[in-house]
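Here the structure of chain A is known, so what remains is to put chain B in place on it, guided by the hints.
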Amino acid sequence: MNSELLAIYFLWKRELIRFFRSKSRVIGSMGMPVFFLFMLGFGLGGLVSLDGGERYLDFIAPGMLGMVLLFGSIFSGIIVLMDKQFGFLKETLVAPVRRESIVLGKALGGATTAVVQGILMLGVMALMGVTIPLSSIPALLFVMFIISIAFVSLGIAIASFMEDMHGFQLIVNFLIFPMFLLSGAIFPLDKTPEFVQYLSYIDPLTFGVDALRSIFLGSSQFPFMLDLGVLLGFLALTTVVAAYLFRKIES
Amino acid sequence: MPIINTSSLTKKFNSFTAVDSVSLEVKKGEIFGLLGPNGAGKTTFISMLVTMKRPTSGRAEVNGFDVSSDPMGVRKSIGIVFQDQALDEELTAYENLDLHAALYSVPRGERETRIMEVLKMVELDSRKDDLVKTFSGGMRRRLEIARGLIHYPKVLFLDEPTLGLDPQTRKRIWEYINKLQKEQDVTVFLTTHYMEEADSLCGRIAIIDHGKIIALDSPSALKDSLGGDTLLMECDHPEKLCKALKGKKYVQDSRPHDGRITLVVEKGEKQIPMLMHAAKDAGVEVSSVSLHKPTLDDVFLHYTGRTIREENVSAAESFKMHARARRRVS
Numbered sequence: 183m184n185s186e187l188l189a190i191y192f193l194w195k196r197e198l199i200r201f202f203r204s205k206s207r208v209i210g211s212m213g214m215p216v217f218f219l220f221m222l223g224f225g226l227g228g229l230v231s232l233d234g235g236e237r238y239l240d241f242i243a244p245g246m247l248g249m250v251l252l253f254g255s256i257f258s259g260i261i262v263l264m265d266k267q268f269g270f271l272k273e274t275l276v277a278p279v280r281r282e283s284i285v286l287g288k289a290l291g292g293a294t295t296a297v298v299q300g301i302l303m304l305g306v307m308a309l310m311g312v313t314i315p316l317s318s319i320p321a322l323l324f325v326m327f328i329i330s331i332a333f334v335s336l337g338i339a340i341a342s343f344m345e346d347m348h349g350f351q352l353i354v355n356f357l358i359f360p361m362f363l364l365s366g367a368i369f370p371l372d373k374t375p376e377f378v379q380y381l382s383y384i385d386p387l388t389f390g391v392d393a394l395r396s397i398f399l400g401s402s403q404f405p406f407m408l409d410l411g412v413l414l415g416f417l418a419l420t421t422v423v424a425a426y427l428f429r430k431i432e433s
Numbered sequence: 049m050p051i052i053n054t055s056s057l058t059k060k061f062n063s064f065t066a067v068d069s070v071s072l073e074v075k076k077g078e079i080f081g082l083l084g085p086n087g088a089g090k091t092t093f094i095s096m097l098v099t100m101k102r103p104t105s106g107r108a109e110v111n112g113f114d115v116s117s118d119p120m121g122v123r124k125s126i127g128i129v130f131q132d133q134a135l136d137e138e139l140t141a142y143e144n145l146d147l148h149a150a151l152y153s154v155p156r157g158e159r160e161t162r163i164m165e166v167l168k169m170v171e172l173d174s175r176k177d178d179l180v181k182t183f184s185g186g187m188r189r190r191l192e193i194a195r196g197l198i199h200y201p202k203v204l205f206l207d208e209p210t211l212g213l214d215p216q217t218r219k220r221i222w223e224y225i226n227k228l229q230k231e232q233d234v235t236v237f238l239t240t241h242y243m244e245e246a247d248s249l250c251g252r253i254a255i256i257d258h259g260k261i262i263a264l265d266s267p268s269a270l271k272d273s274l275g276g277d278t279l280l281m282e283c284d285h286p287e288k289l290c291k292a293l294k295g296k297k298y299v300q301d302s303r304p305h306d307g308r309i310t311l312v313v314e315k316g317e318k319q320i321p322m323l324m325h326a327a328k329d330a331g332v333e334v335s336s337v338s339l340h341k342p343t344l345d346d347v348f349l350h351y352t353g354r355t356i357r358e359e360n361v362s363a364a365e366s367f368k369m370h371a372r373a374r375r376r377v378s
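Protein chains in written order, with my numbering: chain A, 183 to 433; chain B, 49 to 378.
These aren't lab readings, by the way, just hints derived from the structure by calculation.
For each residue, glycine too, the CB sits at the ideal point set by N, CA and C.
Nothing false has been slipped in among the hints.
Short, incomplete list of chain A residues facing chain B, as computed with Cβ under 7 Å: (1) A189; (2) R196; (3) A277.
One chain only, chain A, in its complex shape (with noise of 0.2 Å):
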């Protein structure tokens, strides 16, 4: 095997090893999103109606799944800074592979573990009621994905120039919950004011979410063209960001 594509695939290994040793955060990164399925789904689901005349919790379904790779996967990608800190960085960087390739390892392996995470989300919302026509599982799996590769891209390129974990919360304030509130994940987004349907626009989650929402209930606020579209070029960038911050890095 060329050695680029063995690395990668060990890299990848790597992340795919830690997740499942790791019950805890299994369970930490699935507690959240379940919650607020349960919560909203159940307590509010009641209170609202909305003009599509679908449940309410099929409506958020989408948007919990996106919860799930979106915290999943930036997790995964700051995990890097984990890295830096207990040193194990440093045997990757002097390494012969191209650093490329250790971003391309991580952040598949970091989507993989993120993916994984959304499938078993998909078995609890299945066991709630919410109904996926499994004819659309292979288009979900693949949303997914690239959801989920863009997202750890982003953590990766962030944790490139983070010192430590002290700005971690600072992320999940300012970045994360803003991106997951703003998605569109919790409610319509044409009810809203203008301006926060234009903040929306620049949220890459919306459109996620959208997708996601196409293909589960077949009706959504963008043409699921237009979704895959921002997504792959939301992709494209944070992959090329992250590849170039952590070339940056030294010792």
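Coordinates of chain B only, in the frame set by chain A:
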């Protein structure tokens, strides 16, 4: 042809010069030590050789590859054990080595054999499936040495290989290093601030201080060059005492420093009464005298007027801060 060759290698951080125009050659197959106090520039020097930091000026070649223009060639030729641990604690010993072997493109068919070979060498084969986070400091260091050897490097770099380890573990690490140099046909380049380590392990050492090489030779030649035992006398007027002792034939060399003088004499224990007498005659109050048989520390003292030991003690506090700062930038 030397396996490591540097000429005027320099690294500056803003106005601070960490490594100052260092030129040296390391021969194939030797154990070469870079000895100096904390903060002397050892780690910065090694970082440039292993392509972690770019030289500000000067050149360095490792195994014939230039560190600036052909870092990949250098990386394929070397194994590294960093001063700070660089293992993945969530993985087992075997998984750490397997990942490393893959990163260095060790052929698939050979990976397992080589991993077991190096694990046996550092006596960790029975712990191969345990998570690294259950390992002690000494076991981790041994595992890192094993890891550095899997891809059969031409040069193994060890940055303070026994820092923070207890004396027994240190001795064992020394044994491994000696063994691998004999059996594996690998050149070892290590940095240390432990004189005993440099003395007992290295064929040749370079003493570094403030980024400059101040002496380079075999440990015994360096000690012999001092010409005898070293006497350290603390007194109130070092300059005056020095002048008074000039010309006495039993004193081979005398140098005044801050609050004390260092003398080189043969059979030092026999000269102390005469020296005290001479000091009294010169009106100099001597508060303490100590005698050393030559060690590498005396070599360092001879060139700098300070001992590595006291450098390290006074540096202990700032070292902690450095470690924290380094962790932040690394």
